[in-house]
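Asks: Start counting the sequence shown at 1; every next residue gets the next number (this note's numbering).
Treat the hints as calculated values from the structure; they're not laboratory data. There could be a bad hint or two in this list.
Claimed, not checked - Below, in silico cross-link-like pairs of lysine-lysine (DSBU-like), each with a Cα-Cα straight-line distance of 35 angstroms or less:
#, residue 1, residue 2
1, LYS240, LYS203
2, LYS247, LYS263
3, LYS143, LYS203
4, LYS247, LYS203
5, LYS263, LYS240
6, LYS247, LYS143
7, LYS240, LYS143
As the list claims (entries may be wrong) - Cβ-Cβ distance ranges computed for the label pairs, FRET-style:
#, residue 1, residue 2, range
8, ASP155, ASP17, 54 to 62 angstroms
9, SER221, PRO248, 19 to 27 angstroms
10, PRO137, GLY381, 19 to 27 angstroms
In this text, a Cβ means the ideal position worked out from N, Cα and C, and glycines have one as well.
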Amino acid sequence: EFAEGERRLYAYLLTRDRLELVDLGERLAIEAAVAEVLRLIGSPTSLGNESDVLAASRRAGALVLAPVVARAGPDLRRLILVPTGALSGLPFEALIVGEAPDSAPESFATAPFAIDRWEIVYAPSAPVLVELGSLGPRRRGGKVLVLADPVYASDADVPEPKPGSEDPALLGGSVRAQPDAREFQRLAKTRDEALALADLLVKPDETEAFASVARLRGARSGSASARLLDVHLGREAHAKRLRADLKPYSVLHLAAHGFVDRKQSDHSGIALAWDEQDEQHGYFTVADALDLDLDANLVVLSACDTAGGRRRPGEGVESLARAFMFAGARGVVASLWQVSDWAAAETMVAFYRGALERGLHPSHALREAKLALRRSTAIRGVAVEGGASSPAPAAHPYFWAPFVYVGRPE
1 EFAEGERRLY AYLLTRDRLE LVDLGERLAI EAAVAEVLRL IGSPTSLGNE
51 SDVLAASRRA GALVLAPVVA RAGPDLRRLI LVPTGALSGL PFEALIVGEA
101 PDSAPESFAT APFAIDRWEI VYAPSAPVLV ELGSLGPRRR GGKVLVLADP
151 VYASDADVPE PKPGSEDPAL LGGSVRAQPD AREFQRLAKT RDEALALADL
201 LVKPDETEAF ASVARLRGAR SGSASARLLD VHLGREAHAK RLRADLKPYS
251 VLHLAAHGFV DRKQSDHSGI ALAWDEQDEQ HGYFTVADAL DLDLDANLVV
301 LSACDTAGGR RRPGEGVESL ARAFMFAGAR GVVASLWQVS DWAAAETMVA
351 FYRGALERGL HPSHALREAK LALRRSTAIR GVAVEGGASS PAPAAHPYFW
401 APFVYVGRPE
């Protein structure tokens with residue numbers, strides 16, 4: 001657990017054998033190094049090139065992570081991290097610790113990122129971690145609820161907003177985040193996530209459910225229900241479904257646009273299907289999540305910035321992910337920045353294959369999914385200033401590093 005002093009940054013290191021306070025160095029210098037990493041990997045409009053990213057990740061890794069893991073010993077397999085506010089947006093998996101092999105020039109493919117060596121889990125605080133441990137996993141079965149590919153105002157007939165009711169300004173970019181409900185663009189890849197989950201959970205002997213899923217493939221909107229799954233797409237992926245009784249569900253998967261209000265954190269949230277009968281027009285916010293009563297092992301927020309929010313000294317980040325945990329989720333998969341629609345879908349499909357088909361713990365399944373994307377040779381377009389697209393390798397941390405698991409470790 002990291003802790004800020006007036007001028008220095010510290011880490012409390014707890015292992016099976018001991019508790020140790022580690023002085024990491026000058027706080028401002030460390031925070032500057034972390035900010036440089038995030039500048040190079042966390043913005044789709046200004047990604048750093050390979051050499052700059054590797055150099056920044058190595059500098060930050062040497063300051064933040066190397067002193068801790070060196071003291072933890074050679075048998076380290078998993079890191080459970082409680083970041084301070086200044087470190088809360090950092091994917092520690094994308095830090096470089098150790099030297100690249102001498103036999104090959106350093107590149108994204110050969111650099112020793114932390115994800116290659118350890119499974120990394122995040123927690124809002126040590127007390128929350130203890131509380132989650134005492135709860136244990138959900139002790140009875142449950143279904144998976146999926147809301148994805150919402151119909152937004154941009155592809156629905158909706159009235160113009162009344163004067164004075166304008167939404168916040170656009171963040172922009174071809175990614176899963178745009179705060180103006182009238183300007184949201186469809187995220188077609190979120191449908192791939194939903195249908196991949198249906199393929200995993202709906203069995204061929206469930207004839208009616210199997211037929212319903214088949215119909216969904218050709219319809220913009222609709223729902224399907226099976227023994228282990230309720231999936232709602234298009235107009236059916238509306239926020240009212242999250243205001244109903246969610247106790248039957250062990251997993252919630254939300255795939256849509258996310259947004260952050262860093263001044264009023266309870267306004268941050270996720271944008272589901274436009275509904276003019278709903279005074280919130282499809283928004284589901286931190287305030288809404290805090291009102292829920294869950295008994296879920298996992299909530300997956302496949303949207304932008306769902307781990308982001310206003311930082312409170314000593315309390316961490318007031319994010320949508322944190323709100324779902326306080327509502328009763330044992331773990332949350334959330335994002336640290338504006339994610340690529342393509343990369344999010346790739347990550348989620350691989351994640352669920354590990355978590356549902358192979359029964360892996362969510363933190364383990366997420367690591368494997370991210371490693372698969374990190375090792376990909378694909379080249380994908382990324383939004384840049386002016387609306388153009390610039391190619392970048394899928395091995396760039398921008399694509400594979402944004403999703404993190406926050407919650408109860410295995």
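Asks: Hint by hint, note whether the structure agrees.
Replies: Verification of the hints:
Between LYS240 and LYS203 the alpha-carbon distance is near 28 angstroms, which keeps this suggested pair within the 35 angstroms criterion. Between LYS247 and LYS263, the direct Cα distance comes to roughly 32 angstroms. Compliance with the 35 angstroms bound is thereby established for this hinted pair. With a C-alpha separation of about 14 angstroms, the suggested pairing of LYS143 with LYS203 holds against the 35 angstroms cut-off. Distance hint between LYS247 and LYS203 is fulfilled; the C-alpha atoms sit about 23 angstroms from each other, no more than 35 angstroms.
For the suggested pair LYS263 and LYS240, the alpha carbons sit about 26 angstroms apart, so the restraint of at most 35 angstroms is met. Between the alpha carbons of LYS247 and LYS143 the distance comes to roughly 9 angstroms, so the proposed pair stays at or under 35 angstroms and holds. For the hint pairing LYS240 with LYS143, the CA-to-CA distance comes to about 18 angstroms; that is within 35 angstroms, so the pair holds. ASP155 and ASP17 have their C-beta atoms about 58 angstroms apart, which keeps the hinted 54 to 62 angstroms range intact.
For the hinted restraint 19 to 27 angstroms between SER221 and PRO248, the CB-CB distance of approximately 23 angstroms keeps it satisfied. Separation of PRO137 from GLY381 is about 40 angstroms and departs from the stated range, judged on CB atoms against 19 to 27 angstroms.
Checked against the numbered hints above, the structure violates only hint 10.
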